[in-house]
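2 protein chains.
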Amino acid sequence: MPRARVLIHNRKGVFDPAGKVVEGGLERLGHQVKSVKVGKVIDLHFESGTSEEILAQVEKMCRELLVNPVIEDYVVEIEE
Amino acid sequence: MPRARVLIHNRKGVFDPAGKVVEGGLERLGHQVKSVKVGKVIDLHFESGTSEEILAQVEKMCRELLVNPVIEDYVVEIEE
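Quick note, the sequences are listed as chains X and W, same order. Residue numbering for the first sequence follows the working numbering, beginning at 836 and increasing consecutively. Residue numbering for the second sequence follows the working numbering, beginning at 836 and increasing consecutively.
No lab work stands behind these hints, which were simulated from the structure alone. Any given hint might turn out to be false.
Using 20 Å as the maximum straight-line C-alpha spacing, the simulated EDC-like pairs for lysine to aspartate or glutamate come out as follows [as the list claims (entries may be wrong)]:
#	chain 1	residue 1	chain 2	residue 2
1	W	K872	W	E899
2	X	K872	W	E858
3	X	K869	W	E899
4	W	K855	X	E882
5	X	K869	W	D878
6	W	K875	X	E882
7	W	K895	X	E862
8	X	K869	W	E912
9	X	K872	W	E894
10	W	K875	W	E912
11	X	K855	W	E899
It should be emphasised that the depicted structure is a prediction, and the values quoted were computed from it without experimental measurement.
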């Protein structure tokens, strides 16, 4: 069953409040970390389709619904 | 600069409301998708450290702060 994974992060320069909260929490617990970014992962399962078909479909989904291009960047990974 | 990525999803059997909303939205737009799961991705950047050191540290971070083991599962990926 083919699967696609969309990884969505705030664009460079867009503040990431969740990342800052995690960073602060980890530091208070004594962990040393340089920076933290929090994003979303959307896993999509399909009945069928080739990698090319699914990639085209997922790119369309990103434009239409999944991603806000004003503030977010995304990467699509396909797994057959 | 070494980097770790933590992918967090609801455990099997735990309801994923965000996934259901995305699934419904995609279907209304005419996309055919079998199922959708929405999770979190946490990217951690470190000043230094070997893969083994970072993996051990990130596993500790997951137990202490990042993951709720009652309802969530996670995977750690290390990138040097």
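Hint check:
Proposed proximity of K872 (chain W) and E899 (chain W) is contradicted: the alpha carbons are some 24 Å apart, above 20 Å. For the hint pairing K872 (chain X) with E858 (chain W), the CA-to-CA distance comes to about 25 Å; that exceeds 20 Å, so the pair is violated. Restraint check for K869 (chain X) and E899 (chain W): satisfied, since their Cα atoms lie roughly 18 Å apart, inside the 20 Å limit. Between K855 (chain W) and E882 (chain X) the alpha-carbon distance is near 17 Å, which keeps this suggested pair within the 20 Å criterion.
The straight-line distance between the Cα atoms of K869 (chain X) and D878 (chain W) is roughly 11 Å, inside the 20 Å bound, and the hint therefore holds. With a CA separation close to 24 Å, the supplied pair K875 (chain W) and E882 (chain X) exceeds the 20 Å bound. Only pairs whose Cα atoms come within 20 Å are accepted, and K895 (chain W) paired with E862 (chain X) is accepted, the gap being roughly 13 Å. With a C-alpha separation of about 17 Å, the suggested pair K869 (chain X) and E912 (chain W) falls inside the 20 Å cut-off, and the hint holds.
At roughly 17 Å between alpha-carbon atoms, K872 (chain X) and E894 (chain W) fall within 20 Å of each other, so this suggested pair holds. Distance check on the hinted pair: K875 (chain W) and E912 (chain W) sit about 14 Å apart at the alpha-carbon level, within 20 Å; holds. Restraint check for K855 (chain X) and E899 (chain W): the C-alpha separation of about 17 Å stays at or below 20 Å, so the hint holds.
Against the hints set out earlier in the document, violations occur for numbers 1, 2 and 6.
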